[in-house]
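These protein sequences, in sequence, are chains X and F. Number 46 in the UniProt record's numbering belongs to position 46 of the first sequence; there are no gaps in the numbering. Number 300 in the UniProt record's numbering belongs to position 300 of the second sequence; there are no gaps in the numbering.
Calculated directly from the structure, the hints in this document are not laboratory data. Yeah, the Cβ is synthetic: ideal placement off N, Cα and C, and Gly gets one too. Treat the hints with caution; some may be incorrect.
[To be verified] Using C-beta positions, here's what the derived DEER-type ranges look like:
(1) X/Gly331 / F/Gln289: 49 to 57 Å
(2) X/Gly159 / F/Val295: 36 to 44 Å
(3) F/Lys280 / X/Asp88: 36 to 44 Å
(4) F/Gln210 / X/Arg364: 43 to 51 Å
(5) X/Thr315 / F/Val295: 26 to 34 Å
(6) X/Arg359 / F/Phe286: 24 to 32 Å
(7) X/Thr315 / F/Glu217: 27 to 35 Å
(8) X/Leu360 / F/Lys280: 21 to 29 Å
(9) X/Lys387 / F/Thr196: 42 to 50 Å
(10) F/Gly83 / X/Lys203: 22 to 30 Å
(11) F/Ile203 / X/Lys391: 21 to 29 Å
(12) X/Gly130 / F/Gly83: 52 to 60 Å
(13) F/Gln289 / X/Lys203: 45 to 53 Å
(14) F/Thr196 / X/Glu230: 50 to 58 Å
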Amino acid sequence: MVLELHIWGPAFDLPSIDAQCLAAVCYLRTCLPSDGWSLIPSSDPTRTPLGELPALRDGGTWVAGFNNIVAYLRDISNGEWDLDKDLDENQRADRAALSSFLDSRGQPLLDLSLYVSSDNYLNSTRQALGAILSWPSSWTIPHQLRAKAKKRSEHLGLGSLDVDTAQEDKGEDAVLTAHIPKSLRKPKQTVSGLLGRNVQKNKFRLDGITSDFFEPLLEALEDEDCFFGEEDSSADCLAIAYLALMQNPELPQGWLKDTLRNKYPKMNHWNRTRVEEAFGPSVDVDMVLGRKDGLTSEKLVLPWRIPEKRTLPQTLQAVLESCIEPLPVLGSWYAISDVGREQSGNIDRYHTKQVRLARLHRRREIYFQVLASTCAVTGLAGWMLYKGMLKFPHRVLGAPKSRSFGQAGALFGLM
Amino acid sequence: MNDNDCGTDDTDSLKTTRNPNKTKAQETLTRSWWSLPQPIRHIFDRFPLVTYPENELPQRAPRHQNENVLYIFQKQGPQSRDGPSFNPSCLKWQAYLKFHGIPLRTRTSNNHASPTGALPFLLPASQDPRKPVVPVPANRIARWVVSQGGKEEAVQIRQDAYTALIDHVIRSAWLYYLYLDEDNFQAVAWPLYVATTSTSYAIRASLAHQLRHAAREELLKTNTVIDGQELYRNAEAAFQALSTLLGDNKFFFGQTTPGLFDASLFAYTQIILDENLGWKQPTLKFALQAHGNLVRHRARLMSGFFSA
Numbered sequence: 001m002v003l004e005l006h007i008w009g010p011a012f013d014l015p016s017i018d019a020q021c022l023a024a025v026c027y028l029r030t031c032l033p034s035d036g037w038s039l040i041p042s043s044d045p046t047r048t049p050l051g052e053l054p055a056l057r058d059g060g061t062w063v064a065g066f067n068n069i070v071a072y073l074r075d076i077s078n079g080e081w082d083l084d085k086d087l088d089e090n091q092r093a094d095r096a097a098l099s100s101f102l103d104s105r106g107q108p109l110l111d112l113s114l115y116v117s118s119d120n121y122l123n124s125t126r127q128a129l130g131a132i133l134s135w136p137s138s139w140t141i142p143h144q145l146r147a148k149a150k151k152r153s154e155h156l157g158l159g160s161l162d163v164d165t166a167q168e169d170k171g172e173d174a175v176l177t178a179h180i181p182k183s184l185r186k187p188k189q190t191v192s193g194l195l196g197r198n199v200q201k202n203k204f205r206l207d208g209i210t211s212d213f214f215e216p217l218l219e220a221l222e223d224e225d226c227f228f229g230e231e232d233s234s235a236d237c238l239a240i241a242y243l244a245l246m247q248n249p250e251l252p253q254g255w256l257k258d259t260l261r262n263k264y265p266k267m268n269h270w271n272r273t274r275v276e277e278a279f280g281p282s283v284d285v286d287m288v289l290g291r292k293d294g295l296t297s298e299k300l301v302l303p304w305r306i307p308e309k310r311t312l313p314q315t316l317q318a319v320l321e322s323c324i325e326p327l328p329v330l331g332s333w334y335a336i337s338d339v340g341r342e343q344s345g346n347i348d349r350y351h352t353k354q355v356r357l358a359r360l361h362r363r364r365e366i367y368f369q370v371l372a373s374t375c376a377v378t379g380l381a382g383w384m385l386y387k388g389m390l391k392f393p394h395r396v397l398g399a400p401k402s403r404s405f406g407q408a409g410a411l412f413g414l415m
Numbered sequence: 001m002n003d004n005d006c007g008t009d010d011t012d013s014l015k016t017t018r019n020p021n022k023t024k025a026q027e028t029l030t031r032s033w034w035s036l037p038q039p040i041r042h043i044f045d046r047f048p049l050v051t052y053p054e055n056e057l058p059q060r061a062p063r064h065q066n067e068n069v070l071y072i073f074q075k076q077g078p079q080s081r082d083g084p085s086f087n088p089s090c091l092k093w094q095a096y097l098k099f100h101g102i103p104l105r106t107r108t109s110n111n112h113a114s115p116t117g118a119l120p121f122l123l124p125a126s127q128d129p130r131k132p133v134v135p136v137p138a139n140r141i142a143r144w145v146v147s148q149g150g151k152e153e154a155v156q157i158r159q160d161a162y163t164a165l166i167d168h169v170i171r172s173a174w175l176y177y178l179y180l181d182e183d184n185f186q187a188v189a190w191p192l193y194v195a196t197t198s199t200s201y202a203i204r205a206s207l208a209h210q211l212r213h214a215a216r217e218e219l220l221k222t223n224t225v226i227d228g229q230e231l232y233r234n235a236e237a238a239f240q241a242l243s244t245l246l247g248d249n250k251f252f253f254g255q256t257t258p259g260l261f262d263a264s265l266f267a268y269t270q271i272i273l274d275e276n277l278g279w280k281q282p283t284l285k286f287a288l289q290a291h292g293n294l295v296r297h298r299a300r301l302m303s304g305f306f307s308a
């Protein structure tokens, strides 16, 4: 059985634009034989039943998320496909801590650098996403990813990197300045000026946040090649993935890359060599996505496979979903956020979750279809009534019931 | 002042009645054109009729200005006056301040009272009763303790990584455990957070909805789909890692006195293991009870600093 790894597509010369996906690629490459798995840059979480990438497909079972994939590979191979098998108890504890540290601190940093910062998002990340997404996702998904990234990095208090909101604030000022004579007004701020000022103001905070992330990592690495012992562990894969996405992209506001290069040259060097080992030379987006020939050549380091094209119904479904999701009440009701509580055994649990999610999806879809068809029928009937094509059957009023007054009525001529 | 004036005027008038022989010119001097006529003055002399005792200070006025007051979520009642809070972030700082031997009084409060919108916050003892004290929010309490002469804690190797384990993995599982698990929410969170704030059904229902919605949003930041079992499994792994880290030591990182890290973990273990809260689905409790040293760590801190 060939395992399929579905990921967000390549960007910035790396196999994926997402850190978790990169880590999964790195892990599978280190742990599995190269003919044992294939890499599919599908970039569409809705096509996996779990709605999340990276997702590993093993026949009918899907597993999503880096940690789950690691656990799944360990479970199905009786511990053979497990990079952490040689760690002792203390190292295992350290590995768990380091992984959660990377996830909880690294991701917000990437969010700030790639999505929140307007300059970087508009000039680099959005283009990169546009190259790997197909219509209509290319219109909606970048915004969704950015909104999610903003939420995740909110607690760092660096929202002012986002010039869009900064300009909204400026709009409020404009009302006030209208009353000030022209000669006394300050010259209008340009976007780059605003950004430059904000960057300086934010620089101190950014320095603090980046050193909070890099210092403990450097401390954990201690001049070695790997975090634990001689061999790679799953924490190494995560660290390589996060650092690669901090190091590789050429961004207009490259504070993260600069900090890594200038302040932590040792870590920078370590990661550069590790990234080359793990992912090989830079990836050609068009070739991998099947827009250009050459995928069959032997030079490729990773077992790429071209993702299937979307069929027409799938595209229609995607259009419909992208229309529903931003709706205020309906959207949050339509999206599934909770799989509920269900106990299951060790290996079955992957399958149980998937089945439950599929069931929930089906149920929502039925509800939604009922709702949509009710709305359509009501609308159509209303329109036809309005146009006069449809008429309520008029109650035919029978001849008014005449009251007879019997003989007396007849006498007076009342009929 | 008025009383005094009236008094002097009164004595004046007595003098005039006693000495009728005094010249009229003198009388006109003392009695100016504007002074009150005699009968009205007599009436005013009777005032004030009653003097009421002083009003009490308004409820929000700081009572214990010469003490440090920590505002936290806490059960009401005299026996739990010094007891541990039932909210992890409050308990963390309550424990931290106690570990550093800061004299402290706790007061029951809620998020709406806090200047930052979230409990806990600290009102330090004021040296000068006329100057208002500046409240210290949670993220500055550690710095405040140092400014009060407490020792600054050195950050241990790998402490940051293990802190992430508590703040990220265990917190996520906790949010699900308390808010999103329906049975636990009704059994524990409802009486603690919802029922204490209001008796109106509508307010309670809306508050409960807000709490659960906030927890859901928080979890959706890092998860695409919330899977409670997965969160619990991650928390089990986290407890395993922390138990290994603690080993046979009394406190984390081989310290002789508990520090901030001990406080952060104690904040969760105390509430999860608290027998007084009737958890209906005690998944996390069972997961934690599998690690004897963590249970003993909690008991040690409980008896050492919260013996009521």
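Hint check:
no., hint, result
1, X/Gly331 / F/Gln289: 49 to 57 Å, "41 Å, violated"
2, X/Gly159 / F/Val295: 36 to 44 Å, "42 Å, holds"
3, F/Lys280 / X/Asp88: 36 to 44 Å, "38 Å, holds"
4, F/Gln210 / X/Arg364: 43 to 51 Å, "24 Å, violated"
5, X/Thr315 / F/Val295: 26 to 34 Å, "56 Å, violated"
6, X/Arg359 / F/Phe286: 24 to 32 Å, "28 Å, holds"
7, X/Thr315 / F/Glu217: 27 to 35 Å, "31 Å, holds"
8, X/Leu360 / F/Lys280: 21 to 29 Å, "24 Å, holds"
9, X/Lys387 / F/Thr196: 42 to 50 Å, "59 Å, violated"
10, F/Gly83 / X/Lys203: 22 to 30 Å, "45 Å, violated"
11, F/Ile203 / X/Lys391: 21 to 29 Å, "50 Å, violated"
12, X/Gly130 / F/Gly83: 52 to 60 Å, "57 Å, holds"
13, F/Gln289 / X/Lys203: 45 to 53 Å, "48 Å, holds"
14, F/Thr196 / X/Glu230: 50 to 58 Å, "56 Å, holds"
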